[in-house]
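Protein chains: 2
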Amino acid sequence: MSLKEICKPIKRDLEDYEQEFKRILKSNVFLIDKVIQYIIANKGKRLRPILVILTSRLHNGNGAVLEKRNLKAAAIMELLHTATLVHDDVVDGSNQRRGVPSVNSIWKNKVSVLMGDYLFSKALLAMLSLKSMRAYQIISETAERMAQGELLGVERRKDYWMEEEVYFRLIGDKTASLLAAACQLGAVSSSDDEEDIVAMKDFGENLGLAFQIRDDLLDILGKEKKTGKPLGNDIRDNKVTLPLIFALRQAKRGEARRIIRMMKRNAKRREIQEIVSFVEYHGGIDYAMKKANGYLELAEKSLERYPDTPYKDSLTKLVSFVTTRES
Amino acid sequence: MSLKEICKPIKRDLEDYEQEFKRILKSNVFLIDKVIQYIIANKGKRLRPILVILTSRLHNGNGAVLEKRNLKAAAIMELLHTATLVHDDVVDGSNQRRGVPSVNSIWKNKVSVLMGDYLFSKALLAMLSLKSMRAYQIISETAERMAQGELLGVERRKDYWMEEEVYFRLIGDKTASLLAAACQLGAVSSSDDEEDIVAMKDFGENLGLAFQIRDDLLDILGKEKKTGKPLGNDIRDNKVTLPLIFALRQAKRGEARRIIRMMKRNAKRREIQEIVSFVEYHGGIDYAMKKANGYLELAEKSLERYPDTPYKDSLTKLVSFVTTRES
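Protein chains in written order, with this note's numbering: chain A, 1324 to 1650; chain B, 1324 to 1650.
Keep in mind the hints are simulated off the structure, nothing from the lab.
Just to be clear, a hint being listed does not mean it is correct.
Remember, identical chains collapse to one label, so a pair may be satisfied in a single copy or spanning two.
[Said to hold, decoys possible] DSS-like cross-link-like pairs, simulated, lysine-lysine; straight-line CA separation at most 25 Å:
1) LYS1640 x LYS1613
2) LYS1524 x LYS1454
3) LYS1334 x LYS1431
4) LYS1454 x LYS1349
5) LYS1591 x LYS1640
6) LYS1613 x LYS1546
7) LYS1357 x LYS1591
8) LYS1368 x LYS1546
9) LYS1614 x LYS1587
10) LYS1431 x LYS1562
11) LYS1481 x LYS1357
12) LYS1546 x LYS1334
13) LYS1431 x LYS1587
14) LYS1454 x LYS1391
15) LYS1345 x LYS1562
16) LYS1357 x LYS1562
17) LYS1349 x LYS1591
18) LYS1349 x LYS1640
19) LYS1640 x LYS1546
20) LYS1575 x LYS1431
Make the full structure from the sequences, and use the hints.
So this is what it looks like as structure tokens:
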């Protein structure tokens, strides 16, 4: 099941969203426009706006045209996501993003830092027009979780014996928080029922945990052409992910230490292949997949309270898309 | 008149503010705490919280203890300011800030970018507890102006023939906007009268323009020991400021071109001295001072509507402090 098929019921909404997104980003500074055009031309999966729209529709029923505030909510989430990507490229020193040169590698750190801030301010301004304190609360709390998660990630780089619990806190704050916020914003912009908002938080959070575990798996298993990123990137960067955490604890101490030494002195291409085999042999990949599936089951549970609609159907399909996707 | 004397009527308020600022910044990530402690130990003039407190008091009268929301507003402004400083050090590649190593030079770009984002998210969370849509609007619009101004600055670096109008737009967005926001937040957190907010916007904006012109002058005239920054930094960075803009237009074309060539090939220490003399000879310094004084007169006008209080008196003194300060 492709993302395109999943999005069939909201095809029109997504087009309206694109317009809204572009409208929000109009600027009268030439440099800003140039960078924004580049970002729009190389847009990603749009997972976050898709989540906002599907969860808006889940609560809002069948209006022919999605209301402006739902489109705005979708744009806000994509703005926040894009802002963090642009900053992440500076943070990670990445040259590639979505298979093309990163903003950072074309315009350098200076412009990337400022563009991230600019996109963030645009998200705030769009929020303002939602006139919802609840939405504002969700966004501020999410912004804090994300920055905190990223900093915890920096602190725990090379922490090869990290507890699973820390790993889950890390990916929860860094990734799941934003997907949870997207689903909550869908609910907030269409419903006044606090139980809806809680259900959507759980849905998004669990989906997000599974999403990030899949991301970590793709770094090991994926096809470079599809992900647009060099494989074994996390291993090279000494980023500790679930499959590795599990494998290191399963292996004999001596073997684990040998693998860690390899990573510490910046593993070469051939060594990365060896580390991948090590993780696979000790069941790290199976374990991570099982964990991801557990979170997806929890996500599906949160949808039970809603009546059957094409939107609920799409959200259910999205859940299985997350663990089968190849990019 | 020193800033300390100016702040006498709000000495107690400033102590309460310090507590609030520290309370907001508590975190459970070790790395975050370390960076924050460093920032707090090397705090600057606290001009923005001082402005919030004085303008709060200007509207709020004489309560023995300043209300919590006023202290929060003060902390929000300092958080925003600190966030932009931390990002600025990445943007400018500066190693020094306030006479000590910058966050960037100790913890590198990665941590600086993320810490800036973290501080920004903390400002948003503190905003949330103000429960004021008007305050939220001011902050979002200011965040956009600041990021836009910074990006315009990047675009116009080395634009030696920049019109004065562009220069004023630039420093208005980059610097004056935040001082205006501080004064507006003081009004918003103490008054419901929209005219107060407008008066405070004008006051802060004009004060901010004068403040930045003085900053640009200090780069040329200042004492390295007092400013904590190497002199002629702007010239070395090819940043075009008012004294230079004026001097280049006053000088004969040929001489101006020679100065520009010198800057383009990254002026050496001895050449920077020559450029400073050039600016002085052609009246760039006098002109900038006159302009700054013009804005200060406008700022004073905005205070006329208020009754005489120690707080109005301090704000008036602050106005002259801005053009006489040496750091």
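Each hint, compared with the structure:
no.	hint	in the structure
1	LYS1640 x LYS1613	within (18 Å within a copy, 67 Å between copies)
2	LYS1524 x LYS1454	both (20 Å within a copy, 23 Å between copies)
3	LYS1334 x LYS1431	neither (36 Å within a copy, 44 Å between copies)
4	LYS1454 x LYS1349	within (21 Å within a copy, 29 Å between copies)
5	LYS1591 x LYS1640	neither (39 Å within a copy, 63 Å between copies)
6	LYS1613 x LYS1546	within (21 Å within a copy, 64 Å between copies)
7	LYS1357 x LYS1591	neither (37 Å within a copy, 33 Å between copies)
8	LYS1368 x LYS1546	within (17 Å within a copy, 53 Å between copies)
9	LYS1614 x LYS1587	neither (27 Å within a copy, 58 Å between copies)
10	LYS1431 x LYS1562	both (24 Å within a copy, 18 Å between copies)
11	LYS1481 x LYS1357	between (37 Å within a copy, 19 Å between copies)
12	LYS1546 x LYS1334	neither (28 Å within a copy, 62 Å between copies)
13	LYS1431 x LYS1587	between (28 Å within a copy, 20 Å between copies)
14	LYS1454 x LYS1391	both (12 Å within a copy, 24 Å between copies)
15	LYS1345 x LYS1562	neither (35 Å within a copy, 32 Å between copies)
16	LYS1357 x LYS1562	between (33 Å within a copy, 22 Å between copies)
17	LYS1349 x LYS1591	neither (44 Å within a copy, 40 Å between copies)
18	LYS1349 x LYS1640	neither (34 Å within a copy, 41 Å between copies)
19	LYS1640 x LYS1546	within (23 Å within a copy, 66 Å between copies)
20	LYS1575 x LYS1431	neither (44 Å within a copy, 36 Å between copies)
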